[in-house]
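Asker: What follows is each chain in one-letter form.
Protein chains: 2
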Amino acid sequence: MDVTTIPVPLGPRSYEVCIAPAGAADMAQKIAAALGKSTGVAVLVDSRLHQLSPRAQPLVEALAERLPRVRRLDLPVGESCKTLAAIESTCDWLAENGYDRGAALVGIGGGATSDHVGFAAAIYLRGIAYATCPTTLLAMVDASVGGKTGVDIAAGKNLVGAFHQPRAVMADPAFLDSLPPREFAAGMAEVVKAGLISDASLLDTLEAQAGAAMPAAVLARVIEAAVRVKVDVVVADERESGRRAVLNFGHTVGHAIEAASGFQLLHGEAVSLGMIAALALGTARGVTEPGLLARMTALLARLGLPVDLKDRLVADVLDRMEVDKKRVSDAVRFVLVPRPGQAIIEGIALDELKRQLLAASFNLPSRI
Amino acid sequence: MDVTTIPVPLGPRSYEVCIAPAGAADMAQKIAAALGKSTGVAVLVDSRLHQLSPRAQPLVEALAERLPRVRRLDLPVGESCKTLAAIESTCDWLAENGYDRGAALVGIGGGATSDHVGFAAAIYLRGIAYATCPTTLLAMVDASVGGKTGVDIAAGKNLVGAFHQPRAVMADPAFLDSLPPREFAAGMAEVVKAGLISDASLLDTLEAQAGAAMPAAVLARVIEAAVRVKVDVVVADERESGRRAVLNFGHTVGHAIEAASGFQLLHGEAVSLGMIAALALGTARGVTEPGLLARMTALLARLGLPVDLKDRLVADVLDRMEVDKKRVSDAVRFVLVPRPGQAIIEGIALDELKRQLLAASFNLPSRI
Chain A
2 MDVTTIPVPL
12 GPRSYEVCIA
22 PAGAADMAQK
32 IAAALGKSTG
42 VAVLVDSRLH
52 QLSPRAQPLV
62 EALAERLPRV
72 RRLDLPVGES
82 CKTLAAIEST
92 CDWLAENGYD
102 RGAALVGIGG
112 GATSDHVGFA
122 AAIYLRGIAY
132 ATCPTTLLAM
142 VDASVGGKTG
152 VDIAAGKNLV
162 GAFHQPRAVM
172 ADPAFLDSLP
182 PREFAAGMAE
192 VVKAGLISDA
202 SLLDTLEAQA
212 GAAMPAAVLA
222 RVIEAAVRVK
232 VDVVVADERE
242 SGRRAVLNFG
252 HTVGHAIEAA
262 SGFQLLHGEA
272 VSLGMIAALA
282 LGTARGVTEP
292 GLLARMTALL
302 ARLGLPVDLK
312 DRLVADVLDR
322 MEVDKKRVSD
332 AVRFVLVPRP
342 GQAIIEGIAL
352 DELKRQLLAA
362 SFNLPSRI
Chain B
2 MDVTTIPVPL
12 GPRSYEVCIA
22 PAGAADMAQK
32 IAAALGKSTG
42 VAVLVDSRLH
52 QLSPRAQPLV
62 EALAERLPRV
72 RRLDLPVGES
82 CKTLAAIEST
92 CDWLAENGYD
102 RGAALVGIGG
112 GATSDHVGFA
122 AAIYLRGIAY
132 ATCPTTLLAM
142 VDASVGGKTG
152 VDIAAGKNLV
162 GAFHQPRAVM
172 ADPAFLDSLP
182 PREFAAGMAE
192 VVKAGLISDA
202 SLLDTLEAQA
212 GAAMPAAVLA
222 RVIEAAVRVK
232 VDVVVADERE
242 SGRRAVLNFG
252 HTVGHAIEAA
262 SGFQLLHGEA
272 VSLGMIAALA
282 LGTARGVTEP
292 GLLARMTALL
302 ARLGLPVDLK
312 DRLVADVLDR
322 MEVDKKRVSD
332 AVRFVLVPRP
342 GQAIIEGIAL
352 DELKRQLLAA
362 SFNLPSRI
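Chains as they are written, first to last, in this note's numbering: chain A, 2 to 369; chain B, 2 to 369.
Note that these hints are calculated values from the structure, not bench results.
Any given hint might turn out to be false.
[Said to hold, decoys possible] With a straight-line cut-off of 25 Å between C-alpha atoms, the simulated DMTMM-like cross-links for lysine to aspartate or glutamate are: (1) A:K355 <-> A:D320; (2) B:K38 <-> A:E97; (3) B:K355 <-> A:E97; (4) B:K158 <-> B:D309; (5) A:K38 <-> B:E347.
[Said to hold, decoys possible] Quick partial rundown of chain A residues pointing at chain B, CB under 10 Å, derived from the structure: (6) L85; (7) A86; (8) A123; (9) G128; (10) K149; (11) V161; (12) A261; (13) G263; (14) Q265; (15) L266.
The beta carbon of each residue, even a glycine, is placed where N, CA and C say it ideally should be.
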């Protein structure tokens, strides 16, 4: 199987996403090509990854053989690394270990690791280079492209952060062998989103595979397709001022559901419910074609994702949308999907949006 | 006295620094012109300023009359606002008060306030707009231009931050009436620096005034000249990759002295000593013209700044230069001044630099 390289053309901030079932040596070689001129490289690893995957430590060692002054720092497990206190701890460690403005970071882990490493790189000494090796499906198809980094604060998730593009992203799907099934399914929610907003054929592929174990070659192609969707949107709108908002399909409601669950739901699980909500709303508004809601509900359920919106969409959840950062003043820019592969953005007053969402969700069958 | 407007031409990030002995109404008008389209404006004020200056609250009120949804937040006093914990507290407050991506911040205070407000604006929701009203001489001539923002961490000062340009800077020299003399003198260190690296006539003006109370019109012109020096350098090199390093004149050693004093010395006081060190080093290396060290020592002393380097420049201080973020690997890019108004950058190996600095300082008279 060959390495697939997807260019992310962002002018001086261009880089490549490589989908590389290629082993540690080849991954490290690619990263060394991107970061080789650094004065030192700190490799930041999700501390849970060592238990999950035998592939993490060989990758660190392969990087150490090819890059200058490599030291490893284990990050707090999962989402707990997404705090300003954890960022401060990383930056203190970097300074104490003599990493200067010419240094670079490499992150190995999931989306939280990518967020932490990218944000630390964005603000340490006012900005240094970084690369990521995403090890979860969500991180491969979502965090790998766009340069969005950030951490959580008491008032909400991802409320502080920076746009900071990596120099390279190396994704080895073999890492997914040891990913818990629930996390794999959560990543698939973003793949379905990519299909819905921009690539109808990706939905066909998923429907042909869902429920069965996905062959490695198909999985690599699915990841590639989802990454290409995100690249196309991000390149058209790097700073998220306009078109990039279509990537928020399912997220306005999804984020609120995720927060209301006390983050017991995984991001992708909440996005699955958020997409159901957006499709139900689109159907109620006459924007979404008949049948798409039922079709996607079946696909998401077969992928192992929650689809039972009725229990989740309560007034408290909707109130949480009010601090959502995609809102500009009182109009919510809400993403709707008319038909597979097409997304539109409608400005909807917040009160109207809440009312219509509640009405649409109450019209859903109790169990689909 | 007219408002002096100094354009800072940085393409899409262009803005103006106004030196405006014009009163709260005119200042607020200018800021409203820059931020008027915001969805809400948070005014962040150094909590010490209310005790120091009767001008702060009228300015807040004038802003509230002209801008949408103005609320005031008092920041921890002085340098204590430059922590990630304080930034988090501000961002939580912004979210709790409903400030969204279309919101803007206005900072009223000294350099620490500007650093806090600029950095909070850089990372809140991944970046919102801001403006500053500097109320100290240092903030007017230094923090007002360049977009450098940041906070301190345990490992050192300003080790995390971002480049984030304000939309407007409004400086009313009348705020300086209530500035403690020691802080006024500290600000003058940066004015002397501006003269040394780029504007010989500014040094002549200072020498004609030093020791006497500076008339308001002269003070406004001195501030303007120092701002123009910084604008010229920053515009040539916004991201500090090359020429902008000349602004670090006196700072490589100055920062180390400041840190070694446990920050008992003010930044400008440490920079005064750092400039003496750089002039002594330049003289020893045959780069700096004879007599300039003595001339500047006399000027800085008359301005009320410390010049007795010998007691300060110990090995411990020099070791602190090693985590200085201006160092790229082992070569220190050190700024030297051959003659008034001209600066050059020399790459000096760290060991050699330490040795020569110590030797040069020991050759200084004990009391100049």
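Asker: Against chain B, with CB atoms and a cut of 10 Å, does the hint on A86 of chain A hold up?
Answerer: Check passed: Cβ of A86 of chain A comes within 7 Å of chain B, closer than 10 Å.
Asker: A closest beta-carbon separation below 10 Å is what the hint needs, so does V161 of chain A meet it against chain B?
Answerer: holds (4 Å)
Asker: For the pair supplied as a hint, K38 of chain A and E347 of chain B, confirm whether the alpha-carbon distance does not exceed 25 Å.
Answerer: Measuring from Cα to Cα gives roughly 22 Å; hence the hint holds.
Asker: Are K158 of chain B and D309 of chain B close enough, with their CA atoms no more than 25 Å apart?
Answerer: holds (23 Å)
Asker: Does the interface hint hold: is A123 of chain A within less than 10 Å of chain B, judged Cβ to Cβ?
Answerer: Where the cut-off is 10 Å and the nearest Cβ of chain B is about 7 Å from A123 of chain A, the hint holds.
Asker: Is the interface hint satisfied for G263 of chain A? The criterion is a beta-carbon contact with chain B at less than 10 Å.
Answerer: violated (18 Å)
Asker: Under the criterion of a CB-CB separation shorter than 10 Å, is K149 of chain A in contact with chain B as hinted?
Answerer: holds (7 Å)
Asker: Tell me if the straight-line CA distance from K355 of chain B to E97 of chain A falls inside 25 Å.
Answerer: At roughly 20 Å apart (the allowed maximum being 25 Å), E97 of chain A and K355 of chain B satisfy the hint.
Asker: Are the Cα positions of K38 of chain B and E97 of chain A separated by 25 Å at most?
Answerer: violated (43 Å)
Asker: Should the interface hint for L266 of chain A be scored as holding, given a Cβ-Cβ cut-off of 10 Å against chain B?
Answerer: violated (21 Å)
Asker: Restraint: L85 of chain A near chain B, CB-CB cut 10 Å. Satisfied or not?
Answerer: Given a least distance of 5 Å, the restraint on L85 of chain A holds.
Asker: Report holds or violated for the interface hint on A261 of chain A, using the least CB-CB distance to chain B and a cut-off of 10 Å.
Answerer: violated (16 Å)
The structure shown violates the earlier hints numbered 2, 12, 13, 14 and 15.
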